[in-house]
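Could you build the full structure based on these sequences and the hints that come with them?
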Amino acid sequence: MANMDYPGPCPSCIGIDGCSTEEGKKQAVNHYCKGLEMELNAWKSRLYDVLADDKSGNLKDQIILLKSTMKELEAVVEQMKDVCPTSLGEQEKVISGKLEDLRVHYTKAMEVLAPGWFGG
432 MANMDYPGPC PSCIGIDGCS TEEGKKQAVN HYCKGLEMEL NAWKSRLYDV
482 LADDKSGNLK DQIILLKSTM KELEAVVEQM KDVCPTSLGE QEKVISGKLE
532 DLRVHYTKAM EVLAPGWFGG
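Take the sequence shown: its position 89, counted from the start at 1, is 520 in this note's numbering, and no numbers get skipped.
Think of the hints as simulated: they come from the structure by calculation, not from any bench.
Treat each hint with caution, since some may be false.
BS3-like, lysine-lysine: derived pairs with alpha carbons at most 30 Å apart [said to hold, decoys possible]:
1) Lys465 <-> Lys498
2) Lys456 <-> Lys502
3) Lys539 <-> Lys486
4) Lys502 <-> Lys491
5) Lys539 <-> Lys498
6) Lys539 <-> Lys465
7) Lys524 <-> Lys475
8) Lys502 <-> Lys539
9) Lys512 <-> Lys465
10) Lys457 <-> Lys475
11) Lys498 <-> Lys475
12) Lys502 <-> Lys475
13) Lys524 <-> Lys456
14) Lys512 <-> Lys498
Quick list of the computed label-pair ranges, beta carbon to beta carbon [stated by the list, open to error]:
15) Thr538 <-> Gly488: 12 to 22 Å
16) Asp492 <-> Gly520: 31 to 41 Å
17) Gly528 <-> Lys491: 22 to 32 Å
18) Lys475 <-> Lys512: 15 to 25 Å
19) Glu453 <-> Lys539: 38 to 48 Å
All values reported here derive from a predicted model rather than from experimental measurement.
Think of the CB as a built atom: it goes at the ideal place given N, C-alpha and C, for glycine as much as any other residue.
Below, the structure written as structure tokens:
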């Protein structure tokens with residue numbers, strides 16, 4: 432289950448900027464992307480749970496926003512794998528913003544679902 436307080440993989444990303452070789456930078460970017468992929472998979476799992484529970488169809492707009500945001504994050508990951516940036520400053524801002532969007536849309540979706548949705 433995704434930790435909604437988790438700021439995303441590698442919040443400071445000094446590992447990439449601190450690498451002295453191109454191979455080291457490439458490995459650091461790959462590591463960052465793997466962490467982001469794991470985070471996205473956790474969010475996809477949560478989205479699946481919301482889809483399974485939304486029998487009324489009241490969450491259509493929130494689900495569309497969640498899917499769209501995940502696709503945008505996946506595109507950033509693929510771009511990073513292709514380009515292998517030497518610094519993640521700009522991408523990290525985009526990623527952080529998109530992860531925040533996921534949290535907001537997911538929270539809104541959870542407000543619509545029945546309170547008994549959570550097990551315990």
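Consistency of the hints with the structure:
| no. | hint | in the structure |
| --- | --- | --- |
| 1 | Lys465 <-> Lys498 | holds, 20 Å |
| 2 | Lys456 <-> Lys502 | holds, 25 Å |
| 3 | Lys539 <-> Lys486 | holds, 16 Å |
| 4 | Lys502 <-> Lys491 | holds, 17 Å |
| 5 | Lys539 <-> Lys498 | holds, 14 Å |
| 6 | Lys539 <-> Lys465 | holds, 28 Å |
| 7 | Lys524 <-> Lys475 | holds, 21 Å |
| 8 | Lys502 <-> Lys539 | holds, 19 Å |
| 9 | Lys512 <-> Lys465 | holds, 10 Å |
| 10 | Lys457 <-> Lys475 | holds, 26 Å |
| 11 | Lys498 <-> Lys475 | holds, 8 Å |
| 12 | Lys502 <-> Lys475 | holds, 11 Å |
| 13 | Lys524 <-> Lys456 | holds, 19 Å |
| 14 | Lys512 <-> Lys498 | holds, 21 Å |
| 15 | Thr538 <-> Gly488: 12 to 22 Å | holds, 19 Å |
| 16 | Asp492 <-> Gly520: 31 to 41 Å | holds, 32 Å |
| 17 | Gly528 <-> Lys491: 22 to 32 Å | holds, 23 Å |
| 18 | Lys475 <-> Lys512: 15 to 25 Å | holds, 18 Å |
| 19 | Glu453 <-> Lys539: 38 to 48 Å | holds, 43 Å |
Hint check: no violations occur; every hint is consistent with the structure.
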